[in-house]
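Engineer: Heads up: the sequence lines are chains Y and B, in that order. The first sequence: position 189 = 189 (this note's numbering), numbered continuously. Convert by adding 216 to the 1-based position in the second sequence; the result is the number in this note's numbering.
Among the clues, some could well be false.
[What the hints assert, rightly or not] Pairs of lysine to any residue, SDA-like flavour, derived with a Cα cap of 25 Å: (1) B:348 - Y:148; (2) B:219 - Y:171; (3) B:335 - B:282; (4) B:335 - Y:4; (5) B:248 - Y:155; (6) Y:5 - Y:200; (7) B:335 - Y:5; (8) Y:187 - Y:4.
[To be verified] Label pairs and their computed distance ranges (CB to CB): (9) Y:212 - B:266: 37 to 47 Å; (10) B:291 - Y:101: 52 to 62 Å; (11) Y:110 - B:315: 26 to 36 Å; (12) B:241 - Y:112: 29 to 39 Å; (13) B:244 - Y:110: 39 to 49 Å; (14) Y:53 - B:315: 48 to 58 Å; (15) B:265 - Y:34: 27 to 37 Å.
Calculated directly from the structure, the hints in this document are not laboratory data. Cβ atoms here follow ideal geometry from the backbone N, Cα and C, with glycine treated the same way.
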Amino acid sequence: MNHTKTIAGILALGSLWGFAECIIGSWLRDANLPAGTIMTAVFAIGLLTLSKTIFPQRGTQIGMGLVAGTLRLLNPFGGCYICSAIAIMAEGALFELLWTWVSTDLRQLQTLSLQCCLGIITGYIVYVGGYTVTQILTPLLSTAGFDPANLLAFTPQILASGLLPAFIAAATVPTAIALRRLPLTLKDPVYYPVTAATAAASWCLVIANTLILLHP
Amino acid sequence: MGKANIVLTLGALSVLLLGSISTLYITQTQAKTQTLTINNQTYTIDQLFTQITPRSFTDLNANGIALDDLIRLAGVATPEDHQYTIIGADGYQKTVTWDNLQHGLLTRQRQTVFSDLPKAFNVRNVTTIEVKAP
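Please model the complete structure; the sequences and the hints are all you need to start from.
Structural biologist: The following block contains the structure:
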């Protein structure tokens, strides 16, 4: 797959991820559901796994994280948006690092049990890693500064919080891999308009949502 | 069983074990107190709201007692020379400066709110505010 096609895919999938974080994430928070867990274990890991099956090139998931995190910064509502943006970018990078380390060849992941195991590892590492990175970087970007003692004291809670995303991702990863097996391939004349429209629609909806909330 | 199988299976079991042990640990250590300890003095939230006049942050839609008033009530000498660690019942904690405290409130639900800091500094179910040397 050529670079232009990959970049268009990164923009489309990253924008979809950012859209989900901003709009669906807010709905989940309003419904008092564990938004962070669901967003990471279902949407982030689902889209990242799907992207890995479509675009094997390195840097794809980091790029998606940057696009989604930037979109999250445009929507200053629903929880800590700076923390969320940092966590999203970190999750993209951690996913890429982990899957590069474990295996870049999806043909090795033929059995459902192996896919579930990779889902558990990915869900846990991506969630706990993203949580940890944001606990370090958010204070560093504020006037209070970062105190390592705060992170150390809260480490058991962070480690425990990864359990639910791990279980959910055990279903998300096999599902995303199975989706790739569906006979859905876009030809070039359709591919670029579809990816551009997906990205543009995601950004427009998030910006419109921000403007509506700012000027109700 | 191939190498990839072993690595992935052991990896999955390890993270599940780590998460489970951590969950057990925090259920054993979580604080269940209804009081607040500030500079080694213990108060209930009702006592604090009786002794200190609440303020409001209209931009944050929050109402509560100012954290700098709280520190003065606890009798901290030269408060600007210290840092303050706010600790929640779940172990979540954040260290802030005197400048930050002057932009912070403690709500009746025992949650801190700051107008000058990200929401990551909102500690829920505050149990302790430690006064630290800078």
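Engineer: Next, verify each hint and record whether it holds.
Structural biologist: To see whether the hints hold, each was checked on the structure:
no. : hint                      : result
1   : B:348 - Y:148             : holds (14 Å)
2   : B:219 - Y:171             : holds (23 Å)
3   : B:335 - B:282             : holds (17 Å)
4   : B:335 - Y:4               : violated (38 Å)
5   : B:248 - Y:155             : holds (19 Å)
6   : Y:5 - Y:200               : holds (16 Å)
7   : B:335 - Y:5               : violated (38 Å)
8   : Y:187 - Y:4               : holds (14 Å)
9   : Y:212 - B:266: 37 to 47 Å : holds (42 Å)
10  : B:291 - Y:101: 52 to 62 Å : holds (54 Å)
11  : Y:110 - B:315: 26 to 36 Å : violated (58 Å)
12  : B:241 - Y:112: 29 to 39 Å : holds (32 Å)
13  : B:244 - Y:110: 39 to 49 Å : holds (41 Å)
14  : Y:53 - B:315: 48 to 58 Å  : holds (50 Å)
15  : B:265 - Y:34: 27 to 37 Å  : holds (31 Å)
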